[in-house]
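Number of protein chains: 2
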Amino acid sequence: MRQTIAFIIVLFTFSVVHSQDLQSPDKNLRLHFALGEQGVPVYDLIYKTKEVIRTSKLGIQLVKDTSLTQNFSISDTTRRSFDETWKPVWGEVKEIRNHYNELAVTLTQSTTKRVMIIRFRLFNDGLGFRYEFPEQKNLAYFIIKEERTQFALAGDHKAFWLPGDYDTQEYSTVTSNLSEVRGKMKEAVTPNASQTTFSPTGLQTPLMMKSKDGLYINIHEAALLNYSCMSLNLDDKNFILESVLTPDAVGNKGFMQAPTQTPWRTVIVSDKAGEILESKLVLNLNEPTKYANTSWIKPIKYVGVWWEMITGKSSWSYTNLENIQLDKVDYTKTPPNGTHGANTKHVKEYIDFAAQHGFEAVLVEGWNTGWEDWFGKTKDYVFDFVTPYPDFDVKELHQYAAGKNVKIIMHHETSSSVRNYERHMDTAYKFMVENGYNAVKSGYVGNILPIGEHHYGQWLINHYQYAIEKAADYKIMVNAHEAVRPTGLHRTYPNLLANEAARGTEYESFGGNNPDHTTILPFTRLIGGPMDYTPGIFETKIIKYNPKNNSWVRSTLARQLALYVTMYSPLQMAADLPETYNKFLDAFQFIKDVAVDWDDTKVLEAEPGDYITIARKAKGTNNWFIGSTCDENGRESNISFSFLDPGKKYIATIYADKANAHYDTNPQAYEIRKVIVTSKSKLKQFSAPGGGYAVSVMEPKTEADLKGLKSLK
Amino acid sequence: MRQTIAFIIVLFTFSVVHSQDLQSPDKNLRLHFALGEQGVPVYDLIYKTKEVIRTSKLGIQLVKDTSLTQNFSISDTTRRSFDETWKPVWGEVKEIRNHYNELAVTLTQSTTKRVMIIRFRLFNDGLGFRYEFPEQKNLAYFIIKEERTQFALAGDHKAFWLPGDYDTQEYSTVTSNLSEVRGKMKEAVTPNASQTTFSPTGLQTPLMMKSKDGLYINIHEAALLNYSCMSLNLDDKNFILESVLTPDAVGNKGFMQAPTQTPWRTVIVSDKAGEILESKLVLNLNEPTKYANTSWIKPIKYVGVWWEMITGKSSWSYTNLENIQLDKVDYTKTPPNGTHGANTKHVKEYIDFAAQHGFEAVLVEGWNTGWEDWFGKTKDYVFDFVTPYPDFDVKELHQYAAGKNVKIIMHHETSSSVRNYERHMDTAYKFMVENGYNAVKSGYVGNILPIGEHHYGQWLINHYQYAIEKAADYKIMVNAHEAVRPTGLHRTYPNLLANEAARGTEYESFGGNNPDHTTILPFTRLIGGPMDYTPGIFETKIIKYNPKNNSWVRSTLARQLALYVTMYSPLQMAADLPETYNKFLDAFQFIKDVAVDWDDTKVLEAEPGDYITIARKAKGTNNWFIGSTCDENGRESNISFSFLDPGKKYIATIYADKANAHYDTNPQAYEIRKVIVTSKSKLKQFSAPGGGYAVSVMEPKTEADLKGLKSLK
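Protein chains in written order, with UniProt numbering: chain A, 1 to 713; chain B, 1 to 713.
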């Protein structure tokens with residue numbers, strides 16, 4: 001009898017004090033928060049009638065200290081609604097609406113009197129929540145052993161996943177049901193210059209999933225600052241994902257000082273795949289820009305001395321020395337290898353090409369000393385970031401490029417010798433300013449020094465941020481490769497133009513990306529922010545550049561054009577060689593025309609792993625650009641131009657696969673046609689296997705421009 | 001029969017090819033190098049007829065790779081003699097003779113074709129040797145698992161030892177036979193802010209020993225650059241010491257790139273204790289200075305706002321806040337605690353005192369924001385090194401001090417957040433230059449960040465060196481506390497004026513140093529370089545300053561004066577409070593008179609653990625200063641003034657313990673007498689338990705100065 005009474009009391013307490021609900025502005029999403037047994041915080045999430053997240057635990061496990069995982073009571077709750085529209089410095093759209101209902105639950109731990117707030121923001125397109133640790137007497141410094149955030153899924157979803165890893169995201173996406181992850185893990189873990197997997201069911205975020213009943217779910221994080229990057233571990237019996245933070249060298253996962261908070265944990269959800277792509281939830285969960293002046297931040301379309309090295313046609317290094325010490329090597333006394341790409345004459349050719357075709361900039365890699373012996377050696381003093389090879393004339397090239405209104409993009413490969421980079425950073429940035437550079441591509445290839453730290457640990461997260469903010473002091477834009485995948489920080493720090501943090505086009509020369517790669521990345525990697533994917537490869541058989549390299553690009557030429565639209569980035573490279581573009585100037589015209597900053601974006605078709613078709617309106621114009629990418633099966637795309645201004649005529653130039661095109665056997669079979677389109681036009685367009693198409697939709701300058709053109713039927 | 005033949009061949013090969021001998025210039029020391037079984041390099045060392053080092057193995061164990069420990073043959077040997085005299089920028093003597101015979105043995109490993117040179121330098125006062133890895137095809141990068149250098153001792157010597165530790169040398173020296181180390185280890189490991197012991201028989205260097213047959217042996221290292229600090233592990237059955245390098249976070253002990261070399265391993269040996277103190281072997285094994293201009297480097301005698309905080313009389317912090325974030329705290333809105341030492345008014349009093357008594361500088365600790373919450377928190381952004389507390393006016397104090405020809409010494413406590421220090425270093429040094437500071441005391445209290453790295457690991461060794469060389473770019477002198485113990489690098493980088501790296505006077509306020517502490521340190525810690533010991537404590541009962549602090553100084557007042565001579569350093573503090581010195585101005589006169597740079601040094605008496613008496617000739621003068629320190633037993637010192645110029649009369653002022661003085665019960669009982677001395681004078685002088693005496697020996701300016709003085713009898 002006493003048990004019954006106790007049960008009733010618990011139920012009563014539970015329903016009155018221990019439970020809170022929250023709805024999204026459109027009421028499609030419903031969050032339920034409660035304290036479970038032993039005062040464990042739990043939540044669940046429902047979209048319309050479907051379970052997105054089943055009852056899942058929340059909490060933080062601490063080193064030494066009492067963990068913040070149980071014995072909580074709710075000591076306060078606050079609610080608010082928020083609705084504002086803000087303008088990004090650059091982006092896919094001109095304005096972004098930030099509209100959510102918020103619930104902040106203040107939890108007090110009975111045993112420690114410590115207070116933790118869990119703040120939920122429910123948007124129409126998903127959920128964000130984070131842990132906050134307000135200033136308080138009983139909690140100042142603490143060390144995280146593990147974050148214990150669960151995402152209990154409603155079933156064995158189809159997932160687009162990468163192996164969980166503390167050092168790299170450069171894996172091919174595996175598409176499988178969650179129950180198949182364990183069986184496919186071994187094959188999924190392909191070699192990388194630095195990699196640390198942690199579990200046979202470890203997964204990375206952004207993790208894209210699709211439920212059997214048609215829900216699209218994306219789990220990621222927003223505003224990763226001074227905290228370790230979150231991966232997920234899958235309980236593949238119960239389909240529960242749980243957070244796994246990246247450890248430091250001795251296993252600690254985060255050094256915290258209250259007042260502070262974790263990054264936001266995000267669940268984007270919709271029954272339409274396209275809405276996942278259109279979600280601005282991750283950006284909205286980041287803070288407005290910290291910079292008073294952002295006029296120096298500009299999107300960039302560029303070419304570069306890069307693909308020729310990636311393919312093995314030329315070299316980063318100036319000599320064939322095998323073991324050098326940067327402070328001792330004398331390049332003037334060493335015979336050049338004759339294959340060095342970044343020489344003054346050759347860079348001038350790129351500058352000429354950029355100027356001729358209207359590109360803002362030329363990236364030059366391999367310009368600085370040290371490339372003979374830079375990788376995988378745990379070498380501390382590996383580069384100094386300011387000393388050019390003897391055949392690269394910094395001053396002359398600065399003058400030459402400036403004369404043609406072209407910028408050179410700096411390259412800072414750190415070889416993950418991060419302390420060395422920080423030691424030289426001020427000098428390196430100053431050198432850039434003095435020599436006319438306003439953007440840097442940085443790289444973190446290989447294991448982090450000091451050994452034991454990881455690319456995605458708090459120590460490095462802190463470093464990447466330091467590099468971005470210090471760059472801003474010098475009005476420098478950053479494109480960081482091999483750094484942590486983005487989490488929307490470009491809202492706050494818009495000089496972070498792009499990251500790599502996935503398999504980019506370079507892997508087409510390192511064995512190849514899957515044909516469906518670009519139908520997945522916008523649903524996964526790009527949820528956090530832009531990628532410097534470096535599309536535009538017209539010569540897909542690498543052997544044409546390097547007889548020793550049998551790799552080939554799993555894409556048709558037409559699809560390469562589409563990527564400038566489907567793979568959103570304010571930083572877009574035309575990655576192939578000028579000599580190749582000169583052979584295909586009609587197709588190259590699309591790359592010349594396409595914008596890198598946008599007033600509007602419409603996802604016209606989308607299914608992860610199968611196809612994506614997107615239309616974007618170029619910044620400050622009435623011109624639209626459409627890109628469509630598909631998987632290895634090819635397909636027929638059906639789109640409407642209803643996004644155009646009604647009543648106006650536009651000239652659409654369609655760059656498409658020929659009927660006999662194929663990403664392997666006939667990649668360069670494209671056709672270009674010009675037609676007149678209006679907002680009532682509809683396009684039925686074939687894409688070859690591994691193919692796609694691109695369309696520029698331009699307002700005619702005069703009626704005469706329309707002459708001779710037929711309307712799209 | 002076949003065995004016998006083989007034996008003969010081995011013997012033959014051994015004697016002709018596998019063995020090399022070397023003698024010191026005076027022939028007292030004999031080194032024997034050989035290849036032992038399986039091509040293992042071994043050496044032994046004999047002093048006159050006594051074994052110093054018995055046959056001991058040499059080699060380097062590698063991670064993954066074939067270790068460089070065996071299968072060697074001698075492929076080359078070179079010999080040379082070297083004899084030069086050089087002048088240190090500052091030092092104990094005007095000129096230093098660097099005189100040695102050298103043997104370099106080139107070893108080739110049969111299995112790998114790798115080459116390693118072991119270079120021996122045999123001086124009259126000991127041995128130095130190191131491993132060198134010349135440029136070669138088969139050895140470029142390698143990772144050290146452990147250095148396997150043995151020092152096989154001839155017996156169960158008496159040792160003056162500290163527990164081996166990767167993070168601190170702030171232990172009390174234990175005096176015991178080697179066989180007693182294990183039994184005394186637990187008691188020896190007293191608590192420290194950062195400590196990592198590694199073995200129940202682990203020992204630190206410099207390790208001072210005395211054999212039963214009267215040999216004094218000191219083992220240390222010289223020129224520790226870009227390598228891990230060496231400790232020793234004792235095989236206490238066989239009395240073999242073996243090198244133990246400090247690991248990184250995951251256990252690696254050194255990242256090497258050929259051509260390179262290890263630091264020198266040093267064995268100083270003599271049958272006279274005083275010759276250990278006079279040895280310049282460690283300095284001679286370092287390179288000449290790297291600086292073209294050293295005119296900005298000057299020894300310093302200083303006072304400071306320091307002891308009052310160490311005793312707890314005042315505070316480093318400006319408020320009583322308990323948890324601060326440097327970028328958020330607003331000191332203007334926080335009530336001061338009223339105990340802040342480094343306030344403008346108070347610092348001016350120190351400047352006045354320094355000017356009045358002829359001190360070059362005033363150290364000020366606690367001047368900058370962050371001291372409320374700086375220690376033991378794994379706090380990354382702990383100090384910014386440029387922001388003063390509201391009550392410390394940098395510009396006003398700069399002007400005030402400059403007007404009195406006094407410098408303020410900067411203080412950079414890093415809290416071992418080393419990355420944070422490096423990030424701010426340029427700005428911090430610039431700030432110093434702009435505000436008239438030319439010397440910095442740096443500190444590394446607490447565990448190194450990132451956690452897992454150690455104070456004495458290669459990562460930090462590299463950092464300390466970076467800090468020194470970067471300071472030189474700004475013409476700044478460095479006094480690094482809690483950094484690695486010195487290894488003679490001040491020859492090469494003479495702006496490294498001093499280090500702490502042992503229990504300094506501060507420990508007298510933290511429970512006390514042993515009464516014999518200062519009779520040992522010159523034989524141990526000071527073998528590597530000067531210590532900022534901060535002597536001159538006249539008020540030995542700390543409770544007089546802070547009613548809550550029962551610590552007391554284990555020294556008489558007279559002995560505190562002696563330390564300015566016995567504890568050689570170009571940086572000497574008068575550490576006590578001006579108010580106390582004002583009560584003892586007659587004794588204080590010695591501190592005012594004593595030099596901090598010397599033309600000559602004579603060790604008059606010495607026995608480690610018992611007593612040390614040293615006479616030094618002040619730079620550019622004919623004045624001498626004598627200091628004598630003894631252990632808890634007191635003693636009678638007998639010295640001769642034969643080092644004085646013959647035929648001249650000098651005025652000796654003798655600052656001595658009274659007959660009833662005692663380091664505990666009557667420490668301030670001193671007496672001062674003035675007498676005339678010549679080169680024929682002899683002094684018989686009493687020292688109390690824990691006592692000592694000091695003597696200034698000045699040339700009279702005129703005959704009149706001698707009037708009324710009696711000759712020393």
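No lab work stands behind these hints, which were simulated from the structure alone. One should not assume that every hint holds.
Identical copies go unnamed one by one, so any copy, or any two together, can satisfy a pair.
[Unchecked claim] DSBU-like mimics (lysine-lysine), calculated; alpha carbons at most 30 Å apart, straight line:
(1) K583 - K544
(2) K548 - K674
(3) K186 - K94
(4) K137 - K313
(5) K113 - K328
(6) K541 - K290
(7) K272 - K684
Status of the hints after comparison with the structure:
1. K583 - K544: within (14 Å within a copy, 90 Å between copies)
2. K548 - K674: The answer is neither: 40 Å in one copy and 90 Å across copies each exceed 30 Å.
3. K186 - K94: neither (44 Å within a copy, 69 Å between copies)
4. K137 - K313: between (63 Å within a copy, 27 Å between copies)
5. K113 - K328: Answer is between: at 25 Å across copies they meet the 30 Å cutoff, but 60 Å inside does not.
6. K541 - K290: Classified as neither: same-chain Cα gap 45 Å, cross-chain 54 Å, threshold 30 Å.
7. K272 - K684: Within one copy, since 21 Å is at most 30 Å while 100 Å is not.
Violated hints, listed in ascending order, are 2, 3 and 6; each of the other numbered hints is respected by the structure.
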